[in-house]
Amino acid sequence: MTRPLLLILLIAFAGSQLAADWAQFRGNNSSSVSTEPVPAKFDISDGTNISWTADLPGRGLSGPIVVGDRVYLTASSGFRQDRLHVICFDAGSGEKIWHRQFTATGRTMSHPKMCNATPQPASDGERIFAFFSSNDLICLDLDGNLQWFRGLTHDFPNASNSLGMASSPVVVDGQVIVQVENASDSFATAIDVNTGEHTWKIERPQGNNWTSPAVMTGRTPQEKLVVLQSAEHLIACDPRTGQEIWKHPVGCSTIPSSVIAGDMLFVPSEGLTALRYIPDSDAPEVVWQENKLAPGTPSPIYYDGRLFSLKRGNILAGADAATGEVLWQVRLKGPFSGTPVIAGDKMYLFSEKGLAQVVDLSGDKGKVVHTAEFVDTILCTPAVANGALYVRSDQHLWKIADKE
Amino acid sequence: MKATLAALCLLIVSAAFVPPVSADSSELIAEIKAVGPEGKGNRQAQQAVKQLLEDETVKLTSILSAFEDANPLAVNWLRGTFEGLADRRLKENGTLPKQELEEFVLDTRRNPQARRLAYEWLIKVDDTAANRLIPGMLNDRSVEFRRDAVARLLEQATSLFEAEQREESKPLYEKALSGARDDDQIKAIVEKLKELGQEVDLPQHFGFVLAWKLIGPFDNSDESAFDIAYPPESEIKPDGKYQGKDSQELTWVSYATPDDYGIVDLTKAQAAHKGAVTYAFAEFTSDEDRDVEIRLGTPNAWKVWVNGKLAFGQEEYHRGTKLDQYQFPVKLQKGKNQILIKVCQNEQKESWAQKWQFQLRVCDAVGTGVLSTTRPPRVAQPKPDESAEKGDNS
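Chain order of the listed sequences is A and B. Note that our numbering has the first sequence beginning at 1, numbered continuously upward. Note that our numbering has the second sequence beginning at 1, numbered continuously upward.
Hints are computed from structural coordinates only; laboratory data are not their basis. Do not rely on the hints blindly, as some may be mistaken.
Stated by the list, open to error - Covered by chain B, according to a simulated footprint, are these stretches of chain A (three or more residues, beta-carbon under 8 Å): (1) 61-73; (2) 112-126; (3) 182-188; (4) 225-237.
To be verified - Each computed SDA-like pair below joins lysine to any residue, with the alpha-carbon atoms no more than 20 Å apart: (5) A:Lys96 x B:Ala353; (6) A:Lys113 x B:Ala353; (7) B:Lys40 x A:Gly207; (8) B:Lys124 x A:Gln101; (9) B:Lys322 x A:Pro112; (10) A:Lys113 x B:Thr285; (11) B:Lys124 x A:Gly78; (12) B:Lys349 x A:Asp141; (13) A:Lys96 x B:Thr285; (14) B:Lys91 x A:Gly94; (15) B:Lys334 x B:Gln381; (16) B:Lys336 x B:Thr285; (17) B:Lys322 x A:Ser184; (18) A:Lys201 x B:Glu54; (19) B:Lys91 x A:Lys113; (20) A:Lys201 x B:Gly41; (21) B:Lys91 x A:Ser184; (22) A:Lys96 x B:Gly36; (23) B:Lys40 x A:Asp90; (24) A:Lys96 x B:Leu90; (25) B:Lys124 x A:Thr371; (26) B:Lys91 x A:Asp90; (27) B:Lys91 x A:Glu197; (28) B:Lys91 x B:Glu54; (29) B:Lys40 x A:Lys96; (30) B:Lys349 x A:Asn208.
The beta-carbon is built from N, C-alpha and C at its ideal position, and this holds for glycine as well.
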């Protein structure tokens, strides 16, 4: 076999592995979309398409991630929410493979609805990066062996938010990138995945910010940019240096995060704003702006030429992604904290009250085709991988999949 | 001869593949304990963890012993190392060294976090350990052990209480209170003791400072004053007179909060000023030089000084408040100590942004209240006022 052919096969193999994983908040591309369908009907009361249920040792708004045949999850427990848990489950059986616990080094206070395990963990396929509201960042290998530990509030004591931190990390170019943005010592930083050392750290606007970074492609398929939003602006940085590449100088929401599709960015700003990335320009182009698409807490989703926004009042809006024209709206039962996911032309939403709603997106208008009560409070953003959907409450982690 | 030569060759070849002699485990543990802020020492610690995880001879308790004097980052590195080792050994051997772990748990000279970790792995292999050990943990240096012990006593006391054996339940509630340091347990105990006719001095239990001298309002328009040093930051003069916000003359005024949770509501003690700063000063007499924690709850931007030295501060407004929201270590000197707090109110107009208050307590690392030896008598509680703050101020 020639070396180039081997390389192509290896890349293709790696790509297929990555496609099946769900390695971070909203999935590998922060898209909230899986190409693989999952069952449209499920019910925990009679076990329909519930592959397994695992008990959890603590609370969490953090959704699960899936790497290979394992599911990874964080939780926090204790009167002070200062016990940090990272747990690994076998995706097939739901058996716990390992469970590691750490102690928060930063402040653990949060709004009662939130808890220390609010940010979703991330993975580069070799390691798990578990981040917590206390700004503790833990790196473990896939077998639970500690690689490094960082306490960012320990290091920077004024980096905290009494309402709790929620921004989830992304991994790009060998860096795990976190936004630690609050009213006092506000920054974003890139930490070397191998060593846990700072690669760069930049000051960020002072103000609480619960949004998560997103990664987009730059001038070449290999060049990646990390996009950071705040109440002051949206910027794209070089993930290896932190150097600002471009800026959209308009304030953005501090709760729902931006979604990226190719060279388009859909940003919760002035309602919802569509931006087009222009290589070598210091600002993206504004394509459209639509106040009627302002998202509530969940982040917007781009799928198949359409843009979906879960608005205040629990209204799901579907829009033409090219123009921002609202095509349809449907009222759901909320409220919602977690961002929904889309798999196989269907959107899966879990309300805070534990009501699952499945919306068929294949027709001219979104249509609720299934509902299921999960009884527990659900605040997480679920994961979809290998034809299965994973969702957690404070008490349980469920795998929803076709048992056949 | 050939066989000897072959054996010699095999020996030489084998020697070439013998892994390098691993460093002594105590040296590896020292590498882990050397980690510091901003990733300092991470690379060396990472190698040390890796070698320790591969070492089949290292004793679990040698990792636990190293918790003593380790910084909070190193504690977590040690935790990860211990759990990695313990998990592997449990899976391989089906058990862990019970006696060694139990001896460590019971050795109260050891680090409380390390003892708790030893306990949590011990109970995976010994289902009798919890019942044997926890009842003796009521006054432990580990808040988690205390919590478990208090929970058991509460359960016993409540069973008696609900079985109409109220008098028998009372000493159990009292005993539980003596060990309780978590507010949810304390509230549950105090409620029952009240039903049994016994009032509890909560400020004394927690160590809240109730009696203050207040001076304010100084100007904080546009949240500008967090780093402005008004005169009280330079010196405390009981008879000092200063120009405050809107040119009003300010003097120190005594104020003692009647609140069970030590909340000083500045909107009542002074007025609902906006864009304002007030300083609160208290003298705290200690009968020895000692390390304590100051624990603070406030929804306002703040700074705290002890004996003129800035202890900590945070510029955050109206993001919630709760008991023990901020905790920081300070040193008290024998005799009189000065505690000064700066409480900044901004100009937000929302109904949820009107609080201007703080609660401050002095305690040890477990949360046991430390009282000034010259603590003044508590002022009487006013009649119930529905608008008054009550304890849970989150």
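A quick look at each hint next to the structure:
1. Interface restraint, the region 61-73 of chain A with chain B: violated (0 residues with C-beta to C-beta distance below 8 Å; minimum three).
2. Remark: the region 112-126 of chain A is not confirmed as covered by chain B, as 1 of its residues place a Cβ nearer than 8 Å to a Cβ of that chain, below the required three.
3. Counting residues of the region 182-188 of chain A whose beta carbon lies closer than 8 Å to any beta carbon of chain B gives 3, which reaches the threshold of three, so the coverage claim holds.
4. Only residues whose beta carbon comes within less than 8 Å of a beta carbon in chain B count, and the region 225-237 of chain A has 0; fewer than three means the coverage is violated.
5. Among the hinted pairs, A:Lys96 with B:Ala353 is inconsistent with the structure: their alpha-carbon atoms are about 45 Å apart, more than 20 Å.
6. A hinted pair counts as satisfied when its Cα atoms are at most 20 Å apart, and A:Lys113 with B:Ala353 qualifies at roughly 19 Å.
7. With a C-alpha separation of about 29 Å, the suggested pair B:Lys40 and A:Gly207 falls outside the 20 Å cut-off, and the hint is violated.
8. This hinted pair checks out: B:Lys124 and A:Gln101 have alpha carbons roughly 15 Å apart, not beyond 20 Å.
9. Proximity of B:Lys322 to A:Pro112 is assessed by CA-CA distance (about 11 Å); at most 20 Å being required, the pair is judged to hold.
10. At roughly 40 Å between alpha-carbon atoms, A:Lys113 and B:Thr285 are farther apart than 20 Å, so this suggested pair is violated.
11. A C-alpha spacing of about 19 Å is found between B:Lys124 and A:Gly78, which places the hinted pair at or below 20 Å, so the restraint holds.
12. Proposed proximity of B:Lys349 and A:Asp141 is contradicted: the alpha carbons are some 49 Å apart, above 20 Å.
13. In summary, the hint linking A:Lys96 to B:Thr285 is not supported, as the alpha carbons are separated by about 53 Å, beyond the 20 Å threshold.
14. As the CA atoms of B:Lys91 and A:Gly94 are separated by approximately 18 Å, the hinted pair is consistent with the 20 Å bound.
15. The hinted pair formed by B:Lys334 and B:Gln381 fails the criterion: a straight-line CA distance of about 32 Å is larger than 20 Å.
16. Restraint check: the Cα-Cα separation between B:Lys336 and B:Thr285 comes to about 4 Å, which is no more than 20 Å; the hinted pair holds.
17. Pair hint B:Lys322 plus A:Ser184 holds up; C-alpha atoms about 19 Å apart against a cutoff of 20 Å.
18. With a CA separation close to 34 Å, the supplied pair A:Lys201 and B:Glu54 exceeds the 20 Å bound.
19. Only pairs whose Cα atoms come within 20 Å are accepted, and B:Lys91 paired with A:Lys113 is rejected, the gap being roughly 37 Å.
20. A distance of roughly 19 Å separates the Cα atoms of A:Lys201 and B:Gly41; the hinted pair therefore holds under the 20 Å criterion.
21. Of the pairs offered as hints, the one joining B:Lys91 and A:Ser184 is violated, with about 46 Å between alpha carbons and a cut-off of 20 Å exceeded.
22. Taking the CA atoms of A:Lys96 and B:Gly36, the gap is about 32 Å. The hint is violated against a cut of 20 Å.
23. Proposed proximity of B:Lys40 and A:Asp90 is contradicted: the alpha carbons are some 35 Å apart, above 20 Å.
24. For the suggested pair A:Lys96 and B:Leu90, the alpha carbons sit about 14 Å apart, so the restraint of at most 20 Å is met.
25. For the suggested pair B:Lys124 and A:Thr371, the alpha carbons sit about 40 Å apart, so the restraint of at most 20 Å is broken.
26. A C-alpha spacing of about 16 Å is found between B:Lys91 and A:Asp90, which places the hinted pair at or below 20 Å, so the restraint holds.
27. About 32 Å separates the Cα atoms of B:Lys91 and A:Glu197, which puts this hinted pair outside 20 Å; it is violated.
28. Of the supplied pair hints, the one linking B:Lys91 and B:Glu54 holds, its CA atoms being roughly 15 Å apart against a limit of 20 Å.
29. For the proposed pair B:Lys40 and A:Lys96, the alpha carbon gap of about 33 Å is over 20 Å, so the pair is violated.
30. Using a Cα cut-off of 20 Å, the hinted pair B:Lys349 and A:Asn208 holds, with the two alpha carbons roughly 18 Å apart.
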